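*Asks:* Now for the letters of each chain:
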Amino acid sequence: MELNPATLLELFWHSLSMWWLIIPAVMIGILMGAIPGFAAHNTIIMLLPLTLVFDVDLALTFMVALYCASHLGGGIPAILLNIPGTGGAAATTLDGYPMSRAGLAAKALALSFVASVVGGLITAGITLFLLPFLSQVGFHIRSVEMVVIMLFGLALIAAIAAQDMLKGLIAGAFGLMLGAMGADHIYATPRGTFGILELFDGVPLVPALIGLFAISEALVMLERRTIAKTNAAQVTPTWPQSLRNIFHAFKHGWTIAWSSVLGLVIGVLPGAGASIAAFVAYQQARIFSKTPEKFGTGHEPAIVAPEAANNGVTTGTLVPLLAIGIPGGSTAAVMMVVLQYHGVPFGPRLFITEPLLAYGVIMSMFVAYLFMLVTMFPMARYLSRITVVATYYMAPLIVAFTLVGAFVPRGFMTDIAIAVAFGVIGYVARKTGYHVAAILIGVILGPLIERSFLLTMRIHGNDLMALFSSPIGNVLWGLLALTLILPPILHRRAHRRGKAEADDVY
Amino acid sequence: MSLNDDRPKKPVGADLIIPVAASLYALYYVASVWDFPPEAQRSGIFLAAMLLLFSGLFFVRVGLMAVRGQARWDFSAVLGPTERRLHRAGFLGLIFVYLFVVEWGGFTLTTFAFLFAGSWLAGLRPPGKAALFAAVAALGGWLFFVVVLGTRFPVGPFERLVAMVPTPWS
Amino acid sequence: MPKPIRPTPPALPRRRFLQSSGAVVAGAAGLAALAGPGTAFGQAFPSRNLEIVIPTGVGGGADRDARAFTQVWGRHLDTNFEFGYYPGAAGQVGYEFYMNREPDAHSVLFANLGPEVIMLELQDTGIEIGRDIVYIQQTLSEPMAVWVGPNSPFRSIEHLVEEARRRPVTVSVSRLPHPASIGMLALGEELGVEFVLVPYGGGNPSAMAAITLEVDCCALPITNTIVLDDQARVLGVFADGNPTPAETDDAPTINAALGTAIPPLSSSRAWGIHRAAYDAYPERVQILKDSMAATLADPEYPDVVTGTGVPTAFIDAGDEAVAMATAESMRTLARRFRTLLSGS
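Chains as they are written, first to last, in this note's numbering: chain A, 1 to 506; chain B, 507 to 676; chain C, 677 to 1020.
Don't read these hints as lab results, they were simulated from the structure.
In this text the structure is predicted, and so the values were computed from the model without any measurement.
The reader is advised that the hints may include incorrect statements.
Straight-line alpha carbon distances no greater than 25 angstroms define the calculated DSS-like cross-link-like pairs of lysine-lysine that follow [stated by the list, open to error]:
1) A:Lys431 - A:Lys229
2) A:Lys431 - B:Lys516
3) B:Lys515 - A:Lys431
4) A:Lys294 - A:Lys431
5) A:Lys229 - A:Lys290
6) A:Lys229 - A:Lys294
To give a feel for the contact side, a few chain A residues facing chain B, derived at Cβ under 7 angstroms [said to hold, decoys possible]:
7) Leu166
8) Ala180
9) Ile186
10) Val408
11) Gly411
12) Val428
For every residue, glycine included, the Cβ atom is placed at its ideal position computed from N, Cα and C.
This is chain A alone, in the form it adopts within the complex (with noise of 0.2 angstroms):
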C-alpha cells in the first residue's frame, strides 16, 4: 500500500470514525494514567478481557489512544502533588512541582498538555511517513550506544543536584545501588535482596516511584495547610486565561519538536523506555538552555521537554512491533497477544497483509491526540483546583490510594511495604537535602545501564576498549563530555563577564 494523500485521507477518515472508541479511550487513559501503579500497561491488561472481545481493528485502536494518553495524564499528579504517574513523568516533577507551589499549576497544566499533544502529533506524522526508516535505528544503536544514552540521562544527576554537589552524587549513587539489587543478568542469581522473594527481579520501580515521591510527599505536606501558597480563585484561570496558557506554551515550539523526536527515537531502541527519554531530553534542555540556573526552580521549558519526550515515546515503542514484530516495549507485548489471539500476522507482514491495520494503529494515535486536544481546555482549567484542597484531605487519601497502585502491578502485598520503605527513605532524604529524584534515576537506570554494559562486555570478550568501538558510541561520547564540561565553564564566563560588565558601572 502507497501511502499517498488519498490513502491517508482514508485512513484519517476510518480513524476518525471510531470517535466512540477513542474519546472513553482518551478519558480512561488520562485517568489512570494520573493515578500512579495505573499506567497504561497495567490497564491495558486490566481491559484485555473486553479488548478481546472486539474487532482486532478496534480493539488496536482502544489500546493506542488509552496508551497515549495515559503519557499525558501522568504528568498531571507530578505537576500538581509531585507524584510522578509513571516513571516517564517523574522528570516532570522537577519543574512542575515547583509552579504548583507558586501557584502557576494551571499555567504548568497547559505546558505539559501543549508539549504531550503536539509531541505525540509530531511523532506520529513522523512514524508514519518514516517507519520503514525508524526501524533501522536498531541496527546502529546497540547495548554499546545505549550505555551512552543512559550515561546522558545519569548526568542528570550531577545537574539537579548542584545545590550540594556530595549529597547529590550520594543520593544518586544510593539509588544506583539499589538498582543493583536482584538477580544478575547473566547467572539469575539474585543479589542484595535480603532474601524478600519479591525483590528478586530487582527493585520494583512503582513501588519505589510511588514511595520516594507519594508517600513522602504526603508526610512533607502536613507541614503546611495547602500544596499552593494561594486560594482557589487565584488558581484557577478564567477560561481566556487558560487560552492563553494553551496558546503561551506554543512559544515553546522548538523545544517540543526535538524533545519529541528524542523520544521518539528512544522509544524505538529495545530495553530504553519514556523515564530514559524523559530524563534525557530534561538534561538536553538544560545544556541548549539559556537559562540553565532556573532549571529546578519551576521553568517552563524543563515541563515541556519530558513531557513531549514520553508521548514521543509511545510512538516509538510500536516502531519495533511493526515494523519487525518484536514488541518494544510491555504495552507493545499486550497489543502482540492481541494480535495474537485474532490471528493477525505482526511485522513486516501486516503491512502486506492488512496494510490498513499497520497504518491505521499509528493513524489512531494521530486521531486520538488530536481528540486529546480538545479535553485539554476544562483540565487545564479545573485540574488546578486540586492545589488548595487541604493537606488534611490531600495527605491521607494520597497515602491510601497511592497504595493501592504500588499493590497492582505485580499483585504482591510485599510491594506495598516497599512503598512504604521507599517512603520513609524519601521523606528523610527530602527533610535533609538529599534529592529523591536523583535516588529515582539511579533505581531506573542503574540495572538498565548494568545491562547494557554487560552484554557489550560479552559481545566484545570482556575488552572494556569495546565502549569507544563505534563511531556513533564516540560521537554519543563526545557529546557527552561536553555536556558535563561546558555548562561549569560557560556558567564560570558568564559569571565573569556579569562581574566585568559590574565593576565597568561601579
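Given chain A's structure and the hints, the job is docking chains B and C onto it.
*Replies:* Using the frame of chain A, we list chains B and C on its own:
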C-alpha cells in the same frame, strides 16, 4: 572570641542518616555477592565502592566541621517543624499499622479506618466530618479499585459481607 | 458456612472474555460483576476461578501457549481462568510465588520444562521437582534452533561453525539456564570452537539482537523463528529430525549437518501442581488431568494452536509419567553443564 564562635553552627546529624544507611546497604550488598561469579559481582562492587567513597567524603566533611566547631548535633531537621510534630509522627505510625491490618481488614474497612484516623491526625475537625470524608472516600475507592477495576486487594469483612448480599443482577 | 460462589457462563462467551488476565488482571472478574453476570452454586471442584501462574512475562511464549490451551480447556472444565505473570530470576520468582499459593488444586503452574527445570537444578531455591511440585500434563514440545536474521552473512550452520573456528562467535540466548544455551555449549565442546552466550533476558530481545546483527546468531526454541517468519533464517535444529521443515527453511538437524552427537534439546510446556495438593486432593487432580487430556484430544485445539502461529507438529501430549521424565532428562543435562551455566 574566635571567628568560629561568631558563625552560626550548622546542624548536622540528620543528614548523616542517608549516607550511613546507604553505606550499610553497600556493605551488605558486597557481602551478598562475595562468592558470585565476577560478572554478577562487578557492577555492584563498583557501585558500592563509589557510594562508600562519596559517603566517606561526606563523613570527613562533617568531621572537619565538628573539629572546627562549626557543627552542632541536631536531628530535628528530619522531624520537621515543632508544631503538630506528634500528629505527623502518628500519621507515619498509622501507615505502618495499615500495612499490618490491611491483610485481614481488607481494602474498604482498613482504608476507612486509615482515612478517618489519618485525616483527624492531620487536623480535620470535627470527627464527624472526618468520618464522613473517610466513609465516602473508602466506598468510592472500593467501587473504583475493587468493583470496577477488580484489583485483587485483600478481602476483608466488608467485601465478604457484600459478596453474600444477593444483588438484583445475581 | 456459605457455599462458594461461582459465576455461571453468561450469554456472552464470558469464558473467553475472562480467560485473559494478568497479575493485575483479575480485574476481569470485577468488570464482569458490573456487567451483570449471574452467580450459581456449583460443583465441588473447581469451586472458584482457576488461577494460572506463569513464571514469565506477559506476551511471551508461555503466555501464548497457555492462552491457546485455556481457550479450549474452558469447554472441559467449568470454570474461569485468571492469569498471573510472575517473571524474574529465570523463573524462580514464579515458582516461589506459586509455592506460596494455597495448595488446593485451584492454582496451577504453566511450566516450561526446559529453562525452569534447569534453573531449579542450578539455583538454591529449595524447590524440588517431585517433592514439591508435580508436572501432571505435558502439552507442547519444541526443539531448540540456531538461526540468524535476514541480513546475516551466515548462510548455513557449517558457515557459522567455520567462522567459529576463526574467532569466538556470539550467540544471543534468552538466558544461560536454558536448553538452547546447553545446545550451543555442547556444540562448542564437541567441535572445539567457542560460542559466547549472550543472555538478553527474554526471547524478544534475543531475537532483536540477532536481527539487528548485534550478535552473530541466536539460539531459541524454534517457534520463535516460525513466528518471526522471514525475519529469521534457521540454520540448524537440536533434534533428531526437523519437525517443521516447511516453516523453518528446511533447516537440517545440527547432528546431521555437523556429524555431532548432541542429545535432542527441547522445551516442553507442562502443567504443574503443588505436591501437597496432589496428595491431599487426588480427586481434584484427577478432574484437572482428565479435562487437560480432553482438551488435548479436542479437535479444536490444533486449530487454536495454529492460530497462534505454532505448528501443530509441536503438540506433544504426555501424561504425568511423560512430563516427569522430560523434566528428569533436563535435570541430567543441567548437571552436566553446571559449571558453564552457573559460572561457579
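*Asks:* So which of those numbered hints doesn't the model satisfy?
*Replies:* 5
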